Structures are given as C-alpha cells and as structure tokens.
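Residue numbers (the numbering used here), protein chains in the order written: chain A, 1 to 369; chain B, 370 to 677; chain C, 678 to 1110.
Keep in mind that the hints were calculated from the coordinates and are not lab data. Any given hint could turn out to be false.
In silico DSS-like cross-links for lysine-lysine, where the CA-CA straight-line distance does not exceed 30 Å [to be verified]:
#: 1; chain 1: C; residue 1: Lys761; chain 2: C; residue 2: Lys1026
#: 2; chain 1: C; residue 1: Lys743; chain 2: B; residue 2: Lys445
#: 3; chain 1: A; residue 1: Lys104; chain 2: A; residue 2: Lys132
#: 4; chain 1: C; residue 1: Lys808; chain 2: C; residue 2: Lys1008
#: 5; chain 1: C; residue 1: Lys808; chain 2: B; residue 2: Lys431
#: 6; chain 1: B; residue 1: Lys445; chain 2: C; residue 2: Lys1008
#: 7; chain 1: A; residue 1: Lys132; chain 2: B; residue 2: Lys569
#: 8; chain 1: C; residue 1: Lys786; chain 2: C; residue 2: Lys863
#: 9; chain 1: A; residue 1: Lys107; chain 2: B; residue 2: Lys569
Given the structure is predicted, the values throughout are model-derived calculations rather than measurements.
Next come the chains, spelled out residue by residue.
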Amino acid sequence: MAEVSLKDVEKRYAMVPVLSGLNLDIADGEFTVLVGPSGCGKTTTLNMIAGLESITGGTLRIGARDVTTLPPKDRDIAMVFQSYALFPHMTVRDNIAFGMKIRKTPKAEIETQIRQVAQRLRIDDLLDRLPKALSGGQRQRVALGRALVRRPGVFLMDEPLSNLDAKMRIEARSFLTKMHQEVGTTTVYVTHDQAEAMTMGSKIVVMNGGKIQQAAAPLEVYNRPANQFVAGFIGSPAMNFLRLLYDGNALLDQACRLRIAVPECRRAALAGQQGKTVTLGVRPEHFRILQPGAIPGSDSIAFNVDVVQHLGHEILLDLSAGDHRCIARLPPSDRSKLGDDRLFSIDMDHVHYFNGDSGENLIDYAWQQ
Amino acid sequence: MASSASRFDDGTFVGFARRHVFVTVFGVAVPLLVFACFIGYPIVYTIYLSFFEWNGMAPQKKFVGFANYAYLLHDKYFYIALVNNAKWLVVSLVFPVSLGFLIAYVMKARLVFAPSLLRTIVFFPVTMSLIAVGLMFLLILNPVFGAFDTLLRSVGLGFLVHEWFGDYRIALYTLAVISGWAFTGMPMIFYFAGLGDVPKETFDAARIEGAGHWRMIRSVALPQLRPVTAIIVMLTLFESLRAFDLIAVLTKGAPFGMTNVLGYLVYMESFWNSRFGYGAALSVVILVIAGSLAALLLGKVLKGAFDV
Amino acid sequence: MNFKQNGLSRRTFVKASAALGATAVAAASGVKMARAAPAELRYFYRAPWPSSEVYANWLIDEWNKKNGDRVHVTGASVDGETYKTKQTIELSSSNPPDLFYSWEGGRGKEIVDNGFSADLTPYYEKYGWDKKLNPAGVTLSVYNGKKHFVPTEMCASVVWYRKDIYEKLGLKVPTTWDELMANAQKGKEAGLAAFMLANQKKWPSQFMWSAILVNKHGLDVYDGLINGTIPWTDPRAVDVTAMMQKLAQDGMFEPSFNSIDLGPAMVPWTQGHGLHWYQGSFNLGRFRGDQPQCCVVPMDFFPMPAFPGKKPVMSVFAEDTIMIHANSPNKDAAAEFLDWMVSDAAMSKKLEIDKPFPSNVNSDLSRLSEMEQRLGKAMAESGSFTFMHVDHATPPAISDKFLDGVQGVLAGAMSPEDAMKLTEDEAARVKKS
C-alpha cells in the first residue's frame, strides 16, 4: 500500500523536453487513470513511475521513499503490459513464479501463492499451459496474476485491455474494478479510451501535449472540465463547440443570424470577454428539440438535420447552422428526418464557456463552490 | 477455369505442375537443373573418383575399389584433421558465437557508448577476405616483431607470450580464434536482428521482477532466440567444416601437420601430393560428417526450434 | 589423349581460318602482308620473388620486340608456394603452356613419366647448351637417358656465417664438423643462435639434414634413400635426425625457430643474433637486401665441413628449370626462346635484375660482390651433380611427410625413429602405386 507523488517531474530526450513540470499526487488505494490521445505522454509518465524510463528532473516518491533513481525492482511496483509481456517459452506457472524465483522465495511459499492467485483469477486449470495455448482474456489474467503475486504497493497498468475484443473488454473492465475493490492497492492505469477512464477510475488525469490538463474525479472532469481540451476529450459523442462573439449580453454569429443570451449569473465571469470570441460548449444531451411552430427564444438555434443515427435507446442527429456543426442526443421518440429545419433550445444551466484563444474554462468552479 | 483447376487437382505433383506451369518450370525445374549441374554433378563425380587412384596427370585412372577408404581408416593425418575440425567447431561455438551474442545484447540494452559504431567495427572483419585476415595476423602474431607479443610485454603480460603458430599444442587454437575474430560479426548481426524481434515488454517485465542481465540473457533473451541460435549453430558448423583459407595462408598444416583440417587435407592430398582419388575419398567423408551432424542437430538438439 | 589432339586440331583450325580471314581483309584493302600470324608461345613461370617477376617481364618483352612478328610469347606467373598445385591442372589441360617451369628431381620425374615433357636432347645438340650450362645442371636434366629441361638458375647450399662476429669472438673458419661444433658452442655461450633455422614453413631444416647425412654417411646412402634402395628407417637416417634433435635440445637454433619464416628471420640475422645459417644461395637475394651488392651485414660462407675420414661434398642444384610441353605445336620456337633465356646477354641481365646464380657459366659475374663471385666460380667448377635436398629429390608426397617428421622431431613432439617411419610408410605407398 503506498501513495505516489510526482513533483516537477520532467523527461528530456537529448535536451529536448517531452514532459515537464509534472505534478501529481495519488492517494493510497486510489485507482488513477491517465488518459489522453496518443503521444500525450501518459505511457512515458507510467514508465517513469515504473523506472523503465529515467527521470531527468524532479522527484518521484512512492510511499514515503524517494525512488527517483531507484531501479524498477526496488520501487515496490508491479506492471501489466498492453501486450501482456508473458514469457512465451514458460508455462503459466513459471510465468507467475518468475519474480518469486529471482527473489528466492521458498518453493512451498511459491506454490501456495500461485494457487491463491490462480484461484482468484480462475486460471488454476491453465497453470501448465504455454501462453500460446491461451485466449487473449486468459493471457490478460495471467499477466495480472504475475503482477498480483508481487503484492506491490502500486499497480501500474499500460492499456491492459486494448488487445481484447469489445465484449471481453467490458467483462475485464468490471473484473479489474472488482479486483481493485478487493485488494485495494494503489493503481495507476493508462488508457486512451475515455469511457474506460470514466468507468474505472476514482481519479482521472487527463493529459495532452506532455502536460496534465486536469486531475479530478470522473464526474468532476465531466461536469467541470478545466478547459476546452478536457471538455472535448471526455464524453461521447464529444461536446459541441460553437465559436461566437460576446457583446456583453449575448453570444452572436451575424452571418447566420444566431443569438444566444447569456444568463445573468454568468455575465460576471464573462465580463472581460466583451467584443472577443468565446467558445460555447454544449454536450449533445443538452439540446432540446422544439415542436414545429414554436416561438424562437433567447436560447434557441435553428439547425438543419444532416444525418440521423438511430441507436435504439436514443437518436443522434448531426446538425448544421452556417459553419457550425453539432451533434444532439434525443429520445428515441423523435421523428426528425434528413433535411428538416428544426428549432432547438439549449439547456443554459449546463453549458460551458471557454476562452476563445486559450481554451480555459471561463467559469471558476472553485470560487463558485 | 474452376473446372479445369479441379480436374488436375488430384494432389499429385503432376496435377500441381499442370496447374502452375510457370512456377514448375522456373521455380522447380530450372533451379533443380542448375543444382544438378553445379552441385549435384561434382558431388557424384567426387564419389566416383574416390574409388580410383589418379595423380591428376595420367590419362588413365586406376580403379582401386575401397582402397582409398581403407587407407583413410588408418591414416594418422586424417584423424589429426578430424579432431582438429572438432576442436575448431568447439572454439567457434564458444568464442565468436557467445561473443557475438554478448555484443548484440549490450548494444540492444544500450550498455555501450555509440552502439552503431561498435556494430560496424565488429561486423567489418566479416567483409574482409580470410586471406587478408590471415596475412594481417601473420604480422601481428609474428614472434620476431609482432605487435601482439609487444603489447603483451608492454602491459606486463609477457608470460602469456607463446609461439602462436609454431607451438604445435596451441597453433590450431590460434587459427580457430583468428577465424572467430573474423566471424564474430556474423552471429552478432544475427542476434542483433533477433533481439529486435523479441518483444521489449518481456525485458521490461523481467526488469521489474528484478532480473539482472545474466538472468535476462538466460531466461528471457536466449529462450526466445532459439530459432536464431539454431541458424547460427548450423552456419558455424558448416563454416568450421569448410575451414581452409586461414590454414592455407597461415600455417599450411605446419607444424608437422598438427594444424591440418579435413578441408586442407583434401587440398594437400589432391593437388600437392597428386592423390586425387584419396582427396575425393576425404571429401566424401566430409560430406557424410556434415550431413549427419546437420541431421542430428535438426532432429534432436534443435528440435522444435523453428516453431516458436 | 584423344581429346587433347582434338583440342589441338580444333585450335589449329581456328587459327588457320583466322589467318585466312586476315589475309583476305589485307588483300582487299591492298596492304601487303609481311608474314602469316606469328606463332603464339605460352610461358608458365614461377616468380617467388618480386624481382623474378620483373626479370621474366624483361625477358619476354625483349624477345617480343625482336621476334614478336614471328614468335610471340605471353607469360603467366605463379608464386613459389602454390606452384605445384596449379601446375597439374595447367599441364593436363587441353591448352597447356608451351614452356613451363618445373622442379628438378622427384617432381620433374613425375612430369616426365606422365609424358608432359618433350625430349630436349636434339635442341641441346642444336644450340650447344652443354657447353655453356653448369655441368651439374645438365646432369640433372637427364631422365631415362634423355635431357628434359634447361636449368636457368643454379644454387649451392653452404654455411653462411657472420664474419664480424667471427672476428669479435676470435673464431677460425672450421674445416671439420667438430671445429664447427666448437665454434657453435662459443657462439651459443656469447648469447647467439649458433645456427639460424627459420623453419616455420618446415622445408628450411632439410638443407642441413641432407648435408649432414651426405658428409657423415656418404653420397651413396643419400642416393639410396632417394631411390628407395635404402629404407628411411635406416639407422643412418635416424642418426642424422637425432643429431638435428640434439642441436635443437641444446639450444643451438634461434628461439621460436618453428614459428619464424625466412623473411622475418632476416631481422635477428642482421641484428647480429645469429652466427651461422646453413641455407641455399637463393637466399642471397635476402642477404643483399636493397644494397646493390651483397651483403647488408659482413658475412661469408664455407662448405659444410668434413666428418672424420670423409670427403666433404657440396650440394649444387638447379633452382629454376624449364621444360617444353610434349604437346606443344611450336617446340622449335619454344627451344629458340629457351636459347634466348640462357644466352650470355639474358643471363647477365638476370644477375642485374634478379638473384644469382645464372646457369650459363660464361655469364659476367663481375658486378657481384667478391664473395658471390667466389661462390659462383666454385659452383661452375663443381663438376657433375652431387646431391640435392630432399624435397627436390623426392616426389612431394614423400618429402612432405619427411619435412613434417623432422619438424615434429625439432619441436620435441616426435622421436627420430617415428619421423623416419612416417617417411618410409609414405615412400612404400608411393612405390607400390
């Protein structure tokens, strides 16, 4: 059991910094998910925690110890790899026992440990097989078993589910969550899949361009994104963004005669943005379709329906108004057809306002609370 | 098309040949013909010649049956050469192959500075002609003014100085090590490529489990490199049976035949001593040895090495 | 043999048609043809030294300048060591060289026996070679009563010694074996190698072996060994091998003598680490170094001294000998070229470019050092042939085993008896086949 703390951690390759000023605290027992698009630095961060990549600046603490320069084996960690990294020439039993043999654990002890872990992971009848005779899900559980027997302070997982098919992935997701609840070990989990991050993490760390964009609980990240990147990355379909001009009262687009009044309570936050571009963020579920003939209000927009996607339990509409493109999520009862011109209202209580240049969320939630 | 294909699709070669005329002619018949002319015929002729006595000049060859083979059975030189070939093989397997692997490993693990420079340097001798290598070492290991002995003496290791080519107890090993020096780049490059195919994560996983380099080599790298090792062992085996160039340049079998190997003995007996029949008999023996060792290796020692 | 004749006639045919074609073209263009196409001669020679190559090229170029329109010669060389192996293939090919280098003695006999060598007796008469060539060389050319080669270079084996060190140690030139041994002992005590051997290539030690055997046990015994009438296991052959072994055990040879070749051995020799060196006079090329005249260091020679009650015999042998191929279509032209090779002019040039000694006794030795002139004269006057070292005298198969045996004995890895047994077994095998 251990907490993990990164302080001003940086990574340079031949003087070129790829990660810098990384600060992150992970509490003991927390299931933290590092999420971001490929190349954002999440795997490098994980490898630095593991000790597979050297840390070129800052400090890393695991538990109470400074482990910045320690080799991987002394960091009290275990890792599960995307490709499982099982030793192909060893049986499942030898794979799980590999580390214990190096650490010279007594034979009987090894055997007991293997039994326990194998039972828990339901792989006890596979112990004498070679990895090539296992299915993807089974290999994944063996890799997990190899990590579990270490009884580490921290589990590191590098996209462990991405080699599984969709059905197996859902299964494994809940399996891992349950496992974490039982074992309670601090876990750092890397994925590019925001749904995985939302469902599994007790804390989500969204990364982009070598920087942490936001680190918070899943719903916090969803509901109060720190910036436009986080807002766009978390949630599916992604949040809609409308770049509009702020005139002190409302957001406008002259070209398509679009005008959305900003509620009084938000005007203070937008005070500095008068005459500038503000990006309005609207999640697909916050569009409401108005009945034909309804009177346009201060929060309504007329859209043309470009694509209709029936998903059974809901309908997704691809909409356009001038240069603006949006996706709206509607109940299955909606009857909109391709080419319709429809009027939508926006749930203004749930929209986000982002700085048109920097993408910062203009609402300071901390102050609001 | 479908019906004509199925008409000949009887699973026999004739059926195959009728369906794939181009492949049969250029992929099977022509290569076989070339093989038969340039490899098959010389082998058959060598076997034929081994039953004759012929000095290479006389118009008539004298049929002697198995006399050449009978002579071979109690020819001291043959046994010396045979044992020397075995020693050569052992040295070649131990020295260049292990060294080549180690160099490949330290380069892959980035334990050395400028790995690609090292790779180039180590591989360079492979591209040199063995004749040039031999002439070079003839100078380096010369007892009168050789650089190697001078080097040993200057660092206080003068007691290690030997007659590298003159002492019959070590001359063969000198040759084998020189050959190894020239050959090291080959296993190195094979292993280097092989290590590139071993998933990096398996090394990472082992590192996290606390495996040191020795354990990493023994338990992670080598088991996953078995196909590469199989190829290298085969190559080394044939290379050592073909050993000839260095002996021809460096010692010519001297001192007193103690550095003869089978390949050189064939040359000596055929061309120097004008015993072409006996030389052919020796060649046949080499063929049999190479064939049986290869069969043994493939069938037993390296069984399954290629189905990873 | 049929295929060779076919090959010849085919070649003749090609040549004839080529000549015909040339004539037709020449006639058509109105150019007057002086002659038909010249006879082509191929000369296959051995070039163990860089200077040998230079000399051979001069020889061929001079000839072609004068006679190229009538008889055109092209040369192909091979180095000293791989000579025997390539020759077999060359000689038995369907297009053999017209003139070729051959060893004397045992190897020469193999070639004569296999019918590759033309009888040169008529040419000896025609050109009067007997009168100008070294008599020992002429004696050597006789196989089955017919002369088969022309010697172009003669050699003698003698004891070379460092004159300056002899003076420094107060030694006198020995006339008996015991005096030589006494001098050797003194040299050894002075920290020198009493005898240089440079036996890496295993043939150098045979010179001393042959000389000791002839001087101690007589020429008949040596001839007996060579002819196979006395077995190599004879106590006298074993005795000489044991004497060589004793010299090695007593530290009379330079250290690492089995690891050093003749070239590198020149280093300790010129540095004054060696006192004697029993070797052939072909080594004069090395002794001379890059000096115009012999030698780099003060040195002289004396013949292998006598054993009690025996007359010493000096070994004079032919180092270079040329044969004409029995299947050559241009034997007369080839003989003419041979006559050019042994002419006074060519032989004097050989001395200038290459190394001594020319086989033509009339050659001008005046440009050589006094010591070399003295040796040259001694050779010219040595009379008929005496003996040559083992690997010239016997077929290669036998001499190879003999040399291995002696080297093994010197290295302390074989007994003299076993070494001679090894030789005799091979001699018996060769005799049987």
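Taking the hints in turn, this is what the structure says about them:
1. Lys761(C) x Lys1026(C): Holds. Lys761(C) to Lys1026(C) sits at ~27 Å (cutoff 30 Å).
2. Lys743(C) x Lys445(B): Violated: Lys743(C) and Lys445(B) sit about 56 Å apart, past 30 Å.
3. Lys104(A) x Lys132(A): At roughly 27 Å apart (the allowed maximum being 30 Å), Lys132(A) and Lys104(A) satisfy the hint.
4. Lys808(C) x Lys1008(C): 22 Å, holds
5. Lys808(C) x Lys431(B): 43 Å, violated
6. Lys445(B) x Lys1008(C): 45 Å, violated
7. Lys132(A) x Lys569(B): Cα-Cα ~18 Å, so holds.
8. Lys786(C) x Lys863(C): 44 Å, violated
9. Lys107(A) x Lys569(B): Judged against 30 Å, a Cα distance of about 29 Å means the pair holds.
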